[in-house]
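These are the residues of each chain, in order.
Number of protein chains: 2
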Amino acid sequence: MTGHGAAVTMGGGPAFPRARAPMQTAILGATGLVGRTMLRLLAGRSWVDEPPLLLAGRRSAGTALPFRGAALVCRDAAAAEVEGVGIALFSAGAAASRQYAPTFTARGAWVVDNSSCFRLDPAVPLVVPEINAALVPRLLPGQGAAGGVIANPNCSTIQVALALAPLQAAFGLREVHVTTLQAVSGAGRRAVAELAAQSAAQRGDRAAALLAGDLAEPDRGVPPADSVFARRIAFNALPQIGDALPDGSFAEETKVVHELRKILDAPQLPVSCTATRVPVWNAHSAAVRVVLARSVSPADAAAALSAWPGLAVDPSPHGFATPAEVSGDGLVHVGRLRRDPCRDDALLLWVVADNLLKGAALNAVQIADLLAGAAPAPR
Amino acid sequence: MTGHGAAVTMGGGPAFPRARAPMQTAILGATGLVGRTMLRLLAGRSWVDEPPLLLAGRRSAGTALPFRGAALVCRDAAAAEVEGVGIALFSAGAAASRQYAPTFTARGAWVVDNSSCFRLDPAVPLVVPEINAALVPRLLPGQGAAGGVIANPNCSTIQVALALAPLQAAFGLREVHVTTLQAVSGAGRRAVAELAAQSAAQRGDRAAALLAGDLAEPDRGVPPADSVFARRIAFNALPQIGDALPDGSFAEETKVVHELRKILDAPQLPVSCTATRVPVWNAHSAAVRVVLARSVSPADAAAALSAWPGLAVDPSPHGFATPAEVSGDGLVHVGRLRRDPCRDDALLLWVVADNLLKGAALNAVQIADLLAGAAPAPR
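Protein chains in written order, with the working numbering: chain A, 1 to 379; chain B, 380 to 758.
Keep in mind that the hints are not guaranteed to be accurate.
Here are a few chain B residues that sit away from chain A, every Cβ distance over 10 Å (derived from the structure) [stated by the list, open to error]:
{"id": "1", "residue": "Asp455"}
{"id": "2", "residue": "Leu514"}
{"id": "3", "residue": "Gly551"}
{"id": "4", "residue": "Arg673"}
{"id": "5", "residue": "Asp724"}
{"id": "6", "residue": "Pro757"}
Here chain A is said to cover these stretches of chain B; the calculated rule only asks that three of the stretch's residues, wherever they fall, bring their Cβ under 8 Å from a Cβ of chain A [as the list claims (entries may be wrong)]:
{"id": "7", "segment": "654 to 660"}
{"id": "8", "segment": "727 to 735"}
Read the hints as simulated data drawn from the structure, not as lab findings.
Quick reminder that beta carbons are idealized off the backbone N, C-alpha and C, glycines included.
Next comes chain A alone, as it looks inside the complex (with noise of 0.2 Å):
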């Protein structure tokens, strides 16, 4: 490997971290945008020395991607030398993972696999740094890591999970019911682009029509050819998240609920999902339903949650937060918390958070301050 700085030599060689260990970092998938927001996120970091290795497929090699006031080049993850990375973060897809983590873990590296592959792997920890930072080995001197994997969770199961372990904590967990509303910036950045243009091609004219009594949208919500969405996303909610299962899930709804069994260490959990997608630029939300253990108050809830790391809570009773406001910040928000109406063991709450940040790079991110010794920074 070139031009990316000294190698840290892992289970032998130099002891690790040393107050001032050059860290070598990696990016698999890093022209995309958690990949770039991941970028952003360590050129913040003080335990990154190097400017991190970006890889990615052949055809987004030779994208020059900014870090630290330099442009890097990413490389053809193909063709790249991975001899000598510490950590290295994925988030090119679990067909890539799958290919990769084999490669960098011989040699010693940490891969945090944003990918779906290595989640439900009973040998590798899936970790949301505020709920199961334990599970997180540190590359403490003279440990001899050997590299492994470490899965970053589905993007709105994080939320959901932070929004839970508190409540999982002070009172007990019986059952959970979820319904998100997700932004295209889970899609990626083709999903971003289209919303901007159906939105262009729809906007102003539909709503004169509407008003004149127009009904009937006159596309029906078939999207162009070549969509990312099956039907239009523009002005649109969409309950399909990944692929179709024979349960008659998708599977974004099934990552939710193993998922959540997994980081809460809850395997029997009853737990249920509905995920759609609505026309939202970034940052997922969830209207959450949750059985206790006993009967808790809003207010005894919004204490547990107010108290954990990661959480910003709005206490007053009908407070909220939107995706709007809460893109670009990498705390999980907590509002709408009250009492189900027919039972005094069940809260209804909502859940933001931008699904980029905290569901995705920045939990990644944090994952890797772990490995180097650091304490998650939360942001």
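Fit chain B to the supplied structure of chain A, relying on the hints for placement.
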């Protein structure tokens, strides 16, 4: 009363309805989105012989609206003479309903009220014709009806109730949990214009900035002064519909809870609801989780739903409708029918309907159909 055709005497005078008895109708709130839709639907009813009397607040009086090729001028409700009206459709808000309903019913008219004013009054039927048409009196010859109020349910409630009624009849209901994604048309004409204006202001620039890594939105979701919605609605999602109530809910959520129980004649049914506003022009969506009295397969549920009038069921494992495609359509569309992953007696479903049609104007006109002795038309 002048200029709206021959009067029909209720509770005396000529027998009514005759085969072609002249039926005088009226619309209060005729210039709103729902009022205009009511007028369009009445134009297609064979039992509507005379042009409806159009009424509105003083600001909207004088507005001309099309009816069967003619232009009807809207009158000031405070100054109009209503003697002789047989059926009046109200959609001008609860305060107007409270003010004007006695004026009409005292003169023998039936008021079909689309406001929340009378919905929970035990003496007032709350009607979705496909569920409880039997509660609507027929204006039969010699019956001498003295007039009265029939309430049209809340828009979200109608579509969820219609999706639940067949399941209740076939399998029994134990619990219902609803998350709505509601269109701006439900908030009126200004709301539609607001989404158009905000979308035009936001659109292309925001996508480009997001793709360049600028996650924080410049306006942080704060809308211009005098906006209909408390936060920016374009490219956003707001868990706030209706007034704030002491229990932490907003009014729309409590309407769904109480109106569902009344329509389904299940006063103890546990219901919870989170109602959200999304940047969709027209047609509401609802993610519904229903616990039944026994284990039910999605196929059996689809069969029960498909046999019910007023519903369009997609029985395929992953099939669903979206708001953009059902806008202008009078049916309630049910899809995403699947088992709760944790229990065999619970189902998840996705319910979409045009809130101006079945959620408001169409349901009201179908009630009027019943009053007039006609079978409710499906559109």
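Here is what the structure says about each hint:
1. Asp455: Check passes; 22 Å lies beyond 10 Å.
2. Leu514: holds, 25 Å
3. Gly551: Given a closest Cβ separation of 17 Å, the condition holds.
4. Arg673: holds, 18 Å
5. Asp724: The claim stands: Asp724/B keeps its Cβ more than 10 Å from every Cβ of chain A (closest is about 12 Å).
6. Pro757: For Pro757/B, whose nearest Cβ neighbour in chain A is about 15 Å away, the distance exceeds 10 Å, so it holds.
7. 654 to 660: holds (count 5)
8. 727 to 735: The restraint on the segment 727 to 735 of chain B holds, since 4 of its residues have a Cβ under 8 Å from chain A and three suffice.
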